[in-house]
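Take a look at the letters that make up each chain.
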Amino acid sequence: MAKINLNMITQRAIEEGVAMEKGKTTPDYFEACSIIEMNAEDIKKLGINPNANVRVISESGEVIVKAVVGRQTCYPGLCHIRQGVWANQVVPPRTQSTGEPQYSGFPVTVEPAEYERIKGALELVQGACGLWKGDE
Amino acid sequence: MKTVTLTMKNKPELILECNNVTPDAFAGKSLADIGRLEVYEGKFRAPLADYFEIAGEAGETAADTRIVMKGDCKRVKRIGQKMTAGEIEIEGDADMYIGGWMEGGRIHVKGNVDAFCGMAMKGGELLVDGDAGNYLGAAYRGDWRGMQGGLIRVKGNTGNDTATFINGGTIIVEGNAFIHVSTHGEGGTVVIKGDVEGRVGGQMVKGDVYVFGNIQYMLPGFKYMEDVEKEIDGTKATFAHYIGDLGERHPTSRGQTVYANLYVKA
Amino acid sequence: MGEYLIKNGFVFDPVQGINGDKSDVALKDGKIVETTALSSGATVIDASGMTVMAGGVDIHSHVAGAKVDVGRLLRPEDKLFKSPKKTGKVSRVEMGYSVPTTFKTGYDYTRMGYSFVMEAAMPPLEAPHTHEEMRDTPIIDMAAMPVYGNNWFMLEYLKNGEIENNAAYSAWLMTATKGFAIKVVNPGGTEAWGWGLNCTTIHDPVPYFDITPAEIIKGLIETNEYLRLPHSIHLHPNNLGNPGNYETTLETLRLAEGYSPKSDFGREQVLHNTHLQFHSYGGDSWGNFESKAKEVMDYVNQQKNLTIDLGCVTLDETTTMTADGPFEHHLNGLNHLKWANTDVELETAAGVVPYVYGKNVKVCDIQWAIGLEIALFAKDMMRTFLTTDHPNAGPFFRYPRIIKWLMSKQSRDELLHSFKWADRVIAATNLESIDREMTFNEIAQMTRAGPAKALGIAHMYGSLKPGMNGNVAVYNINPEHMPADPDEIEKAFLRAAYVFKDGVMVSRDGEILATPPKLALWVNAKVPENAQVRRDIYEKFRKYYSVNLENYPVRDELAPNQRVIELDITA
Amino acid sequence: MAKVITGVGCPYCGASCDDIEVTVSDDGTKVLEVKNACAIGNQVFHHASTPGRITSPRLRQPDGTYKEISYEEAIDRAARILVNAKKPLIYGFGSTNCEGMSAAGRVAEKAGAVLDNCASICHGSSFLAIFDNGYPSCTLGEVKNRADVIVYWASNPAHAHPRHMSRYSIFPRGFFTGKGHMGRKIICIDPRVTDTARVADIHLQVQQGHDYELFNAFRTVLHGGDIPDMVAGIPKEKILEAAGIMKKARFGTVFYGMGLCHSDGRNHNVDIAISMTRDLNEFTKWTIMAMRGHYNIAGPGVVWSWQFGFPYCIDMTKRDLVHMNPGETSSVDLAMRDEVDAFVNIGTDAGAHFPIPAVQHLKKHPWITIDPNICMASEISDLHIPVAVVGVETGGVVYRMDNVPIQFKKVVEPAGGILTDEELFDKIYERMCELDQEA
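Residue numbers (our numbering), protein chains in the order written: chain A, 1 to 136; chain Z, 1 to 266; chain S, 1 to 571; chain C, 1 to 439.
Treat the hints as calculated values from the structure; they're not laboratory data. Keep in mind that the hints are not guaranteed to be accurate.
Derived pair list, reagent style EDC-like, types lysine to aspartate or glutamate, alpha-carbon separation capped at 20 Å [as the list claims (entries may be wrong)]: (1) S:LYS85 - Z:GLU174; (2) Z:LYS43 - C:GLU33; (3) C:LYS35 - C:GLU21; (4) A:LYS45 - A:GLU123; (5) S:LYS86 - C:ASP436; (6) A:LYS133 - C:ASP63; (7) S:LYS359 - S:ASP423; (8) S:LYS89 - C:GLU109; (9) C:LYS364 - A:GLU123; (10) Z:LYS43 - C:GLU109; (11) Z:LYS74 - C:ASP338; (12) A:LYS22 - C:GLU393; (13) C:LYS110 - Z:GLU41; (14) C:LYS363 - A:GLU123; (15) S:LYS465 - S:GLU162; (16) S:LYS362 - S:ASP264; (17) Z:LYS265 - Z:ASP129; (18) C:LYS35 - S:GLU550; (19) A:LYS22 - C:GLU33; (20) S:LYS89 - C:GLU438; (21) Z:LYS29 - Z:ASP72; (22) S:LYS304 - S:ASP264; (23) C:LYS410 - S:ASP423; (24) C:LYS179 - S:ASP29; (25) C:LYS86 - Z:GLU41; (26) C:LYS318 - Z:GLU13; (27) C:LYS179 - C:ASP201; (28) Z:LYS43 - C:ASP320.
Predicted model, so just to flag it, every value in this text is computed and none were measured.
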């Protein structure tokens, strides 16, 4: 299976902002944030079609998100997950002794995961804390 | 020289702040008095003896006092802060600010230390056998008066911000450094025996940096001058001499502009 | 609120002409009263062997607001190992050295026996910030002076000679900002700084607005007297801090000739020149830098319509901050330390740079001498006030040290001769040849009676006359047995034995005992309805400000205890 | 009759627009219409009156579910947690007013806590840079009235501050800038082709994580030095062109964002940006400004500086002195190093915005969330205390990204007896004092 190593960043997007204010448990927030934006070349390298799910693995965790090209394009080798719950599953907490985690510029491995389910925000966060009881 | 031995017996639940563990604070005190010196765990103040087994004897003066720390001190901060004389030996790891604002004496850590060690050091010697964290020998936040004297030697690697705002003294890192070496430096000498990823000498006004290994990303503000022979820390070698940071201000001395020097082993 | 009888102290009250007489001061219901008005239950304070004065009044200090806070933010190292440990029961934690937190500011002024402090510069747009900080500065009463000298409305009105319109606008701004007086900083020069430029003489035209600093100053004096404000214009002239600037200063001061005060609040001046030390420099470079304090004070002594404050250098590591934006940029070019700048749309600017006045730096020592010389050359101490332009020339908690230098020739000579370049400093200054030693009465004039009169608040502050606010300081120093060691003078004034604020004992031997409500003073001047100015305000906010007009005026909740000084010039 | 309220401040981003018009229902309880706000701001006002708001504190039960409790009980529990912890951490304040920050500061001092705000993971690097190098800045109106060159460096206002470009920087016509957009040059420096880059005259697509080198190149050029043919992925001639435009400006402003603060080097990326701004002032007038995220995230930096001397990462565990050193006293570092044993999350969502390992570390200890809304933090807390929405249900002072104070108004009554942040913290303080007396 194809695997590529990318440099990941996470930043704000207006879609994320609007959805966040609506509520982090809403479908809007899920739609806005559970995606990874990559250069079309990199998507091709993975051997998948745009909008397929991928697994993103970093030194501190992993997450399933949907791979898209995105309007605000990355150059090849760079990828972006909008700030929020999905991105923070993989953002390394190391701060270079400044207080700020490594939100921008950390290595990730991306691999196809077309048949894996993208988890919801609550499932991810409550799951990480042993509180997730499943959808009720 | 007389020795006081502190052996960790009750590890702190959180973290211990021991700025009273210095030859200066111990000198002339009985073991019972030393045991009553205050340490902090969060907002709770407690006597040193609550955490450590204390044995031996303190000297009359700081210079005549040696402190040996045994057991797990990985979560003990501020050992040797502001010490002026005497010796401290830490047998394992220690946490932040070891030798911070140190003015004299000697600290030997046999394990690793965390960030901010040797902060704004003025004199004395800090030797770390393992790795050191970020901001080794750097200034406190906002202060333009960073390390001013003394020697720091780390046998392992360091993180980022080694020697930020260095004004004097010497730092020798025998392993690798990450990014930002001597940033804002205005004096002093930094020697990196291994590799550095980048940002060596950024915003540097004057002072010297020697890199024996590779600098992956050289700053555009450093300009190659010539190759020179130098003997550094017992090693004679040819170095490529750069001056910089050409983006920064530089003073003049006797009509000559003074730059920071970066020497990279050829 | 208790009653107090402060007995047997040596009382100094220049307003009443009491000059060290042994007498009693009575406090009741927050006011100073006749001793006969006290009940038998009054608490007696034995002040025998001590000095009693009214609460101190500081006419110029940067203690609250945007640029002060930038100074705090900018300098964590100003707190490291330099803050006192919190003691006592009622106090909040006290952090900072040259730029203390609001809590430390209030406590330290109180410990020195001060009860009123004028914040020296309030950018109007940021007035809510100044008021928030004043509210959080415990115990001491305060007011703030909005900065006018580079305001676009003012530049346009004065360029067209429209004093009445300028007055209507000024009155509106005073009310909107809950301000107290017209502050002028580097008139025209700070607007020029909007383009990175400056006005270093009073004849340099302001870019685009085509008006000169001299015209601004005269126009603002006329505006101020038209409005009959309690205080005169409060001026930081052009060309601060440069060798040779005393000529600019003298030229500036001469602009006040021919004007006389029109105010019902008792002041006699039409122009207050602040931190005169920074404006009394001779020479044309740092190499031949010298004192011109004598030349400047010879002029000031002749002109009854001027007041000044010192701006004494105290030879500390401190933080400079001023609305004189171009000056701070210039200073940063000299010392290469960090530089903060905040230009404020349509109104003013501000810069902040740390500064180390080194004891062995010749220029710093000359500056130190000039500050003292200004006081020692002054003939009328009711027109000469003690300040450090805190924190610019030194922190305010050095006032007691300045008092020591002024009262003891021995103490200033010892310091002068200890300088590395003592000979050169002596040659460039007059200080060594001055024998004058200030009296307690003169100190009371410089720190209480004088500034209260110049500010137009002498009906509340600066005296121990019955009816005045119950603000009293008792210092543990005996004027009849002056200590052999001058340092004892400093000690006595730094930590008063007793301090009363509005009749409450707030501090004893430096310990803060209570934090009663404190006042914010401001001036509400009613002027004739002026439709043009109203329209101009509306238009400028719509087009050029980045905030909404209706959110601009300081809301009442930010100044919970207001003392509004009402003026009506429509009558 | 619906009522229109004008001059309303928007509680979303650091642009803190105060020209919003809100139409509220006759009884003053419901927002009907919002004018002038951006898409996000619009959502904030409407969300406050959505059905399903939590109006009562909730306590986590042993089975993992929440149970509603009274404010009194919630306040007592919060006070006890703060009193009993060895080193509590109070973090957040992205979305509250200065009155709330001030009240929380008093609680933190009493509790011997560490007090921190969202800058810790956002513009904290800017504070570190300001400590080291200063901050030559200005208010946004200066930019509007004077600026003819604008640099957006590692910031993306098109997404993060939707009205920034139209209100303050690129498009408005000011006193000396009557031509608006036509009279301005826009330079965007960003590794992505962002929507902001698309409106710029020049886009330098810097290699991610190498901004420091690029700044160093700009400075070297400004000091008359030569640079390599390519720096950080940008050809020399592009750097020379941009530097030339910047030198020739009458008034320029650098607006920088998270791309600098979140990448390698953190504070030094901002630090050198400040140095470059200072260099440019040798030629003409230049200013720099952090694109602060929330409408009042400048607030805690301002308020706590005057109260404690430091803007963030305020360690008050010594009680008689305050210590600050980000990297040590910063929330994520404290969490990862297991240095704290209680966590109060207020006016932010650490559950969503901290890297997940930091959340897991904090979850080892009591976690209290104070927030009007259901968010990730509220859903993993042990105690959730709802409060009024600032800027909608309560007013107060906020500081815009340029540190200009704006006095916000309330537009509707708080839902169902909800307390404001200030009221809540004052009650917690009183309860702590009572517990002190009892002890």
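Subject >> Unmet hints by their number, sorted upward, for this structure >> reply: 1, 2, 4, 15, 16, 17, 21, 23 and 24
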